[in-house]
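Protein chains in written order, with the working numbering: chain Y, 1 to 555; chain V, 1 to 325; chain E, 1 to 471.
Any given hint might turn out to be false.
[Claimed, not checked] Computed list of lysine to aspartate or glutamate pairs in EDC-like fashion (alpha-carbon distance at most 16 Å, straight line): (1) Y:Lys-406 with Y:Glu-441; (2) E:Lys-313 with V:Asp-34; (3) E:Lys-106 with E:Glu-120; (4) E:Lys-235 with E:Glu-429; (5) E:Lys-5 with E:Glu-95; (6) Y:Lys-109 with Y:Asp-150; (7) Y:Lys-109 with V:Asp-319; (8) V:Lys-190 with V:Glu-217; (9) Y:Lys-206 with Y:Glu-173; (10) Y:Lys-547 with Y:Glu-173; (11) V:Lys-55 with V:Asp-71; (12) V:Lys-172 with E:Asp-463; (13) V:Lys-172 with E:Glu-433; (14) Y:Lys-406 with Y:Asp-433; (15) E:Lys-32 with Y:Asp-76; (16) E:Lys-46 with E:Glu-429; (17) Y:Lys-206 with Y:Asp-459; (18) E:Lys-227 with E:Glu-120; (19) Y:Lys-308 with E:Glu-316; (20) E:Lys-313 with V:Asp-319; (21) E:Lys-106 with E:Glu-95.
Calculated from the structure, these hints are not laboratory results.
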Amino acid sequence: MSEFLLQVQDLTTVFRTSRRTLTAVDRISFGIREGETFALVGESGSGKSVTALSVIRLLPEAASLTSGSIRFEGKDLLKLPERDMRDMRGSGISMIFQEPMTSLNPVVKVGRQISEVLIRHRNMSRPQARQRVLDLLDAVRIPRPSQTIDMYAHELSGGMKQRVMIAIALACEPRLLIADEPTTALDVTIQAQVLELINDLQRQFKMAILFITHDLAVVKQVADQVAVMKDGQIVEQSSNGVFFSSPQHAYSWDLFAALPAMEKRGKPLLEGNSHRLHKPVMENMTKNDVLQVRDLAVYFPIRKGLFKRTVGYVKAVDGVSLDIPPGQTVALVGESGSGKTTVGKGILRLVQPTMGEVTYLGLPIHEIGRNQLLEQRANLQIVFQDPYSSMNPRMLVGSIIEEGIKALDVIPDAQARKQRVLELLEQVGLDKDAHLRYPHEFSGGQRQRICIARALAVDPKIIICDEPTSALDVSVQAQILDLLNHLQEQYAISYLFITHNMSVVAYFADRVAVMYQGQIVEQGEVEQVLTDPQHEYTRRLLSAVPKLVPPIRVA
Amino acid sequence: MIAYIIRRALYAIPILIGVNVITFMLFFVVNTPDDMARMFLGQKHVTEEQIADWKAERGYHHPLFYNDEEDGIDTIRKTIFYTKSLRLFIFDFGRSDSGRDIGFDISQRMWPSLAIAVPQLIIGLLVAITFALLIAFFRATYIDYWAVVICVALMSISSLFYIIGGQYMMGKILRVVPISGFESGLFGVKFLILPVLIGIVGGIGSSTRWYRTIFLEEMNRDYVRTARAKGIAEQTVLFRHVLRNALIPILTGVVVILPLLFMGSLITESFFGIPGLGSYTIDAINRQDFAIVRSMVFLGAFLYIVGLLLTDISYTLVDPRVRFS
Amino acid sequence: MLPGKPVFLLTDILVFGLMLCIVLFFLYAMRKPHLREPWRQVVRSKAGVISMIVLSVYVGIALLDSVHFHPVLENQNAASGEVHYSGEVISLFDEMVSGLRASGEKTYSAPFAAYLYAKETVQQDDGTKQRVYPRLSWGAVHLDNPEAQKTADVLVLGAVGALKGIAVWLVLVTLLCLVLSVRAKRSFRATLGILLGGRSGVPWRTVILTLGAVVLVLLVGAEWAAKYHVLGTDKVGEDVLYQALKSIRTGVVIGTLTTLLMLPFAVIFGIMAGYFRGWIDDVIQYLYTTLNSIPGVLLIAAAVLMLNVYMSKHAEQFASLTQRADLRLLFLCLILGLTSWTGLCRLLRAETLKLREVDFIQAATAFGVGRVQTIFRHILPNVMHIVLITLVLDFSGLVLAEAVLSYINIGVDPTMNSWGNMINSARLEMAREPVVWWSLAASLFFMFTLVLFANLFADVVRDALDPRLAR
């Protein structure tokens, strides 16, 4: 008997499509001991999820295991007939997934979905199983289990759904739990609760966990062993303590370097990017704020009854006041549903504000007419979260960037406009020939650069960045943040940076406003708010963020 | 919920008015009753008198909207619009151009239509779902591939062929059940077998293929992966998880046509000599009986709207996610 | 160029207009990678190329059959130099198969028959009268003793046709191979090897085999049709093969023009409802729910009945029977379009509703791009795939619908050749003893082939164009 509960040897998984074969997992080996947490960390496309699905043999149909062995409790899972493997799933090895929203069956009551496992593996009768489900719901700290058991998934919040998923996974007390990015889709406060829950249950059930994540801070918090994956291979594997004090592989160092943190303020994240030590001095500009938001409110009516009368309002934004100083970055931070994105759209009048004032250099944006608003569009621009949906897939990159210049008639001359597009591409660090290509030919990070170029094209004074890095890997995020910093230095643009990521705020912003349920509960200088939060919610938020001080490379 | 249903029902009123206006335009404005009379009586050698008689016999002699020869309420009531269109709202279909009471005919003839349409729908649905489930179980294999090819081939065959071929097979070769005719009561079942069977075979290709798409779409969802991760057998996954979700679009798609089953099928009924509403309509079309066609248009629209309403209600019943306020 | 005075029927103009649109679209699409890529996927699939080849035969016949003219009258007065035209309207296709067109018999005859299907009283040489099956006046007249010679003759003709077919096929394959080897700058042999080995991206081997089958069927058929009634004759002695071929145009016209005619309404209303929402959406939704609520067949029946009344009232407006039938065909397309645009409209509305919330539309708004421009630049190109999918998906349904409608007498003009009319007139003959099956079989077979390959093609196109299925 080996010392490992799960031992993976030379595992290779390939995806076959009609045109090409893609090796997603390339001869990886690792072992997990009983009761320990083994974190597999890597960026998107590194093959970490495919590894997890390979272990439990739930790969999509296009994928196949071409070599290697997976030994679990001494048995080679790859040689097990499907029938025996089914006995293993849910009982010996369980799995929880990233998306709690879609991972539960919408038309089956959650209690039934949990008891299904018990009936399958433990031969329980329905009443027995129901009793056990109530215990399990209690164990995953769901309030009022006797009510929840008869609910449908859509009646539960994201965190609650993930708890139900955990209850399903733990119902038969498996020896190994595979957790595939279990908290990525959750807000940070919920993430903290779920991580704590998993940790407690692990001790209680004495199971091993294969924890898959992209978040180094989470790894630091939960893992015993760490393995870093890149391009289908494990490049480094060591214990938590060793890994976070002295990582060996260059790639690991790159990952750490790319992490934004308070300590790195004023310095570029990536080497080779121009240094920025201080904010540009604005002598020519007024010291006055470029944008003032007063009591901004956006309500969405709730209609009910026979004649769809408005019976109330969803107060997405409820009296928000903000000032954006010239050449500075104001972060608007909050969890999902806090209304932060609606603030951005309300300022630009992409959604019509219900009340409040938005003043740009003395001009009341909230009440000017269509034509006047059109003129001001050049000064206020926006960069969206999802670089995949923010560009028309049917247009050339050149035309996408040019569209704003043309529509707002910034540069009337066609030739000069073309020239400007090329300049912009260069400024955001893309090849000039990019303008003759289509968005789908670019990666997420490159697309976000194009979006920045598009916003930049009309010489805006303020760019509203709506979670511009949330969909990106941490190394790409570092590039984008460096780029934004560089542009701010050059053009003295102000950013309203909407985000949920505290470490980005700590690194990137000058001022921060914390949003909660449509209102700003606290705002001020970043150092002050993050080190000495006044409001109870801010404190809760900050304490939920997993802490990670990146190791410093000794030259 | 009740407020919602009432609102939907109220929404049906303007639609029915719209349907009424469209049919009125088609039947009385594009061509005047005079034109109809002329066509009926033959183009040449028609005297004004004959036309007037023809119109008076059928109640087309009133003006369209406003009768200035009458007084009071009758200026409105003695018009074609009132007698022929507005009366439809209280399901007073009036008399056909050949003088029969349409409302009575409809009440008589909808039962044979139902006798064909209901078993055809139910059995067809069961068969198609079963096939689709089987195909989905063997997805991405040769069985799946050829099943889809067969489905496409089946749906490429004209429905006329199914009927003619089926009648020929039964009538000349097998001679097991009668190929046409109708009788009420239990004894009449033998007349139903062939039309029902042909209806099912004719529709099996497209519905199986459609349901297969729905099943495959559901099978790619995350919750199916969750179910597999529980160690549940593939058949159980299919039946307990996939089928339940897939039935929502399938059943609600069926609900919308439920009321229309009363209308029967034009082709099937005329081929098999079923005295239902379908053959009633066909006969009316062939005899150019405008009054009946007009009534059927209104009835069909009404039943469709009822179907829409039922669909909405059935969504709230089968899908726990949908709650109307 | 034409052997007569051209006549432009409305549907001809529309059909050729549509062809022009398709050609222009392809030329345009070839220059845009995102438009080209899906079509590349279509020609890379076996089902795609097979159905394209078969469909192009159908469309080719339909197009030939859409060039109409008044033919020059025979036995002209040569001295005057004046050219007289016949009052009759025929098409280029009629001219090509003039043998079939003129090959009338008295009544039914079976496929490849030498004798009529009904007995007639014939006066013998010796003066006695006998009830016999008389010889046909056109079919198999070249045989002295059909009983003995026919089988051999049919086989020989078939073999000749097959040989011709193989010869034509070989020429085609060589040409194809030459073009490909020049384009890929490879040797002829190497190209041939790749083609026959099935190692090419476009499944050329399948193309070659399908071409072979099509050429073979066409040429063997042509060889037989020159001497026999391959599919027999109908009640009035007209060649059934000719009827079936003539019906192709009707089917193709209905399948394409209907969608074409309803397209502008569906696209404009659908996008407007989705983009502007509010009262515009309400009005458009009301409009299509109302139209949709009337059962399609009944609306068509009502409209066609009214058309009948109109046409009998205004009989003088129609110059010829052909024109009258053509107008009726166009009207049928219109009314079918009226009943079917609601589906596409609803799809487009839903898609536009989704699109208008997508970030790139929001970005356009943030740049102050106007509404009309947003619709044309951002929305229309991103819903175009739905339009194209609908176009090919609806085709087969419409061809089938034509048959049913003609069967219940609310379809095309009874004088027009169509599969529906053929079935309608042939169905009663099923009760005859022995049965007359060929009219029915021919129309159903021709219709089935067209619809089957249209369905297969539609499947491939949908798979290629639908972004949800891709990736």
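Comparing the hints with the structure gives:
Our distance criterion of 16 Å between C-alpha atoms is broken by Lys-406 (chain Y) and Glu-441 (chain Y), whose separation comes to about 24 Å. Distance check on the hinted pair: Lys-313 (chain E) and Asp-34 (chain V) sit about 10 Å apart at the alpha-carbon level, within 16 Å; holds. Distance restraint check for Lys-106 (chain E) and Glu-120 (chain E): the Cα-Cα separation of roughly 10 Å lies within the 16 Å cut-off, and the hinted pair is therefore satisfied. Distance restraint check for Lys-235 (chain E) and Glu-429 (chain E): the Cα-Cα separation of roughly 9 Å lies within the 16 Å cut-off, and the hinted pair is therefore satisfied.
Between Lys-5 (chain E) and Glu-95 (chain E) the CA atoms are separated by roughly 13 Å; this keeps the pair inside 16 Å, and the hint holds. Between Lys-109 (chain Y) and Asp-150 (chain Y) the CA atoms are separated by roughly 6 Å; this keeps the pair inside 16 Å, and the hint holds. Taken as a hint, the Lys-109 (chain Y) and Asp-319 (chain V) pair is honoured in the structure, with Cα atoms around 12 Å apart against an allowance of 16 Å. The hinted pair formed by Lys-190 (chain V) and Glu-217 (chain V) fails the criterion: a straight-line CA distance of about 40 Å is larger than 16 Å.
For the hint linking Lys-206 (chain Y) to Glu-173 (chain Y), the alpha-carbon distance of about 9 Å falls within 16 Å, and the restraint holds. For the hint linking Lys-547 (chain Y) to Glu-173 (chain Y), the alpha-carbon distance of about 30 Å lies beyond 16 Å, and the restraint is violated. Simply put, Lys-55 (chain V) and Asp-71 (chain V) have alpha-carbon atoms about 22 Å apart, too far for the 16 Å limit, and the pair is violated. Among the hinted pairs, Lys-172 (chain V) with Asp-463 (chain E) is inconsistent with the structure: their alpha-carbon atoms are about 43 Å apart, more than 16 Å.
For the hint linking Lys-172 (chain V) to Glu-433 (chain E), the alpha-carbon distance of about 10 Å falls within 16 Å, and the restraint holds. As the CA atoms of Lys-406 (chain Y) and Asp-433 (chain Y) are separated by approximately 20 Å, the hinted pair breaks the 16 Å bound. At most 16 Å may separate the alpha-carbon atoms for a hinted pair to count; Lys-32 (chain E) and Asp-76 (chain Y) exceed this at roughly 51 Å. Distance hint between Lys-46 (chain E) and Glu-429 (chain E) is unfulfilled; the C-alpha atoms sit about 40 Å from each other, more than 16 Å.
This hinted pair does not check out: Lys-206 (chain Y) and Asp-459 (chain Y) have alpha carbons roughly 59 Å apart, beyond 16 Å. The suggested pairing of Lys-227 (chain E) with Glu-120 (chain E) is violated, with an alpha-carbon distance near 23 Å, which exceeds 16 Å. This hinted pair does not check out: Lys-308 (chain Y) and Glu-316 (chain E) have alpha carbons roughly 56 Å apart, beyond 16 Å. Pair hint Lys-313 (chain E) plus Asp-319 (chain V) does not hold up; C-alpha atoms about 55 Å apart against a cutoff of 16 Å.
A hinted pair counts as satisfied when its Cα atoms are at most 16 Å apart, and Lys-106 (chain E) with Glu-95 (chain E) does not qualify at roughly 22 Å.
Comparing the model with each earlier hint shows violations of hints 1, 8, 10, 11, 12, 14, 15, 16, 17, 18, 19, 20 and 21; every other hint is respected.
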